[in-house]
Each structure stands twice: as C-alpha cells, then as structure tokens.
Amino acid sequence: MKSYALTLRLLGLALLMVLAAPVTVSQTLVLAQAPTSSEEAPRVSQRQALELVRARFPGNVVSINQVQQGGVLQYRVRMDNEGNIYTVYVNASTGAITREP
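According to our numbering, the sequence shown holds residues 67 to 167 in order.
Don't take every hint at face value.
[Claimed, not checked] Just the calculated beta-carbon pair ranges, DEER-fashion:
id: 1; residue 1: E117; residue 2: E148; range: 18 to 26 Å
id: 2; residue 1: R120; residue 2: P167; range: 48 to 56 Å
id: 3; residue 1: N147; residue 2: S111; range: 17 to 25 Å
id: 4; residue 1: Q112; residue 2: G136; range: 16 to 24 Å
id: 5; residue 1: A107; residue 2: N147; range: 30 to 38 Å
id: 6; residue 1: R113; residue 2: I151; range: 19 to 27 Å
id: 7; residue 1: R109; residue 2: T153; range: 19 to 27 Å
id: 8; residue 1: A71; residue 2: R109; range: 25 to 33 Å
id: 9; residue 1: Q114; residue 2: G136; range: 19 to 27 Å
Hints are computed from structural coordinates only; laboratory data are not their basis. Only a predicted model underlies this, so the values are computations on that prediction, with no experimental measurement involved. Ideal placement from N, C-alpha and C gives every residue a C-beta, glycine not left out.
Work out the full structure, taking the sequences as your base and the hints as a guide.
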C-alpha cells in the first residue's frame, strides 16, 4: 500500500513537472520577443502627427521624418510659413508637440 501511494505521488510530481515546463518555455519566448522601449510601434501615426501639427501651427509641411531623440521615437516635421522654415517634433507615443527654437 505504501509503495502504491509513493508511486502515485511520484507520477503526480512527474506530471506536474511536464505540464509546468512548456509554460515556462513559452513565457521565456514571449519575453524574448517583446519589443524594447526604443523599438515600440508608435501609437501616433504619421498622418495623426501631421493633423496635430497643422491644427496648431501655420504654414505648409515641407517634410516629415521619423527620428530617435534621446531614446524617444518622434516625428520631425519641417514647416514653411511665408518663407520662415521651422521644425516641430511630435512624440510618437504621446502626441506631445515641441517646437525647435
């Protein structure tokens, strides 16, 4: 009787180890594939960035580029307002706008 109980416990432990192993492996794979903060996809699209800038600043858009500044993904928007060229940055994660002095 004791050997039967011991066998059941060992089988239960072996089954637990087998079932737990794939969960650990899959979690490791998901963590390995998770993007870092500098690789995250932007929440603000290029089109949305243009709409934000056009609503706030006068002039025509000359160019827009995706750039990294200080580890932050941003859109650099060059504007022309009656011959005055200036640059505006839109944070691709938050939509926050800053103008280059």
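Verification of the hints:
no. : hint                      : in the structure
1   : E117 <-> E148: 18 to 26 Å : 22 Å, holds
2   : R120 <-> P167: 48 to 56 Å : 21 Å, violated
3   : N147 <-> S111: 17 to 25 Å : 24 Å, holds
4   : Q112 <-> G136: 16 to 24 Å : 20 Å, holds
5   : A107 <-> N147: 30 to 38 Å : 31 Å, holds
6   : R113 <-> I151: 19 to 27 Å : 22 Å, holds
7   : R109 <-> T153: 19 to 27 Å : 22 Å, holds
8   : A71 <-> R109: 25 to 33 Å  : 57 Å, violated
9   : Q114 <-> G136: 19 to 27 Å : 22 Å, holds
When held up to the earlier numbered hints, the structure conflicts with 2, 8 and fits the remainder.
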